[in-house]
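**Q** Sequence:
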Amino acid sequence: MPSLAAILKTTRLHFTIPGDEVFHSVAGAVEEHMAAYDASHNFEHVLRVTGLSQSILMEESGTYDATVVILAALLHDMNDKKYTNNADDASKLVEILARANVGPDVSARIIEVVNHVSYSTEKKNPERTRQVFALNPELGIVQDADRLDAIGAIGIGRAFTFGGAKMPQSSMQLPREHIDDKLVKLEGLMKTNSGRLKARKRTERLRQFAHWWDEECSL
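For the sequence shown, position 183 (counting from the first letter as 1) is numbered 183 according to the working numbering, and the numbering increases by one without interruption.
Fair warning: there could be bad hints in the mix.
[Claimed, not checked] BS3-like cross-link-like pairs, simulated, lysine-lysine; straight-line CA separation at most 30 Å:
#	residue 1	residue 2
1	K9	K191
2	K182	K124
3	K201	K191
[Said to hold, decoys possible] Simulated restraints on C-beta separations:
#	residue 1	residue 2	range
4	Q173	V106	39 to 49 Å
5	R196	A39	21 to 31 Å
6	S25	D181	19 to 29 Å
7	T121	D180	32 to 42 Å
8	T10	S91	27 to 37 Å
9	L219	N193	37 to 47 Å
10	P168	A5	13 to 23 Å
11	M167	Y119	17 to 27 Å
12	A5	K92	34 to 44 Å
13	L135	A39	44 to 54 Å
It is worth saying that the hints were derived from the structure and are not from the lab. No residue lacks a Cβ here, since even glycine has one placed at the ideal position from N, Cα and C.
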């Protein structure tokens, strides 16, 4: 898993971004906020998504604001409704970005991206997500990165971890069903060419695992 310092160093080779202190300020606030989250949605997940976002950013040919991509990736789970219903979370994003000396215009774009990353938000209002994506193409990168971390070997581990944390008395079959119900469908929602290529490989791993699981359960 790449460290934030390594992500910033590589990004700076290709894009103009603010000093590291901006990103470390935001990352510190995110890590503190998510300290109580279970391991399926902890700060390690945030760093993986940030690393994947940077990887996709490097591979895509469009015009993107790297600062928006990296900061939105760091913040993408701050207002995750699976963990919080706090009405103050929106203002907390503004506060974190202001404390890091991110300007109001860039801050507004980052928050717009963060508010539309989640699968459930897109499923609930796909047209609005398309509108935000058209104005902020950085959304596609962060969405793809977040969804890539939900599939493949890491995604399988996260699915079982989330199930154990949130539904400790439930059957282990539930995460297996989650693969068919949602995870194998994420490949079709990828918005970047790089995301689609990465998702194809990880989705095959999901299918292979599901095959092994079903085979062993049938004995």
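**Q** May I ask which of the numbered hints given earlier this structure violates, with the numbers listed in increasing order?
**A** 6, 7, 10, 12 and 13
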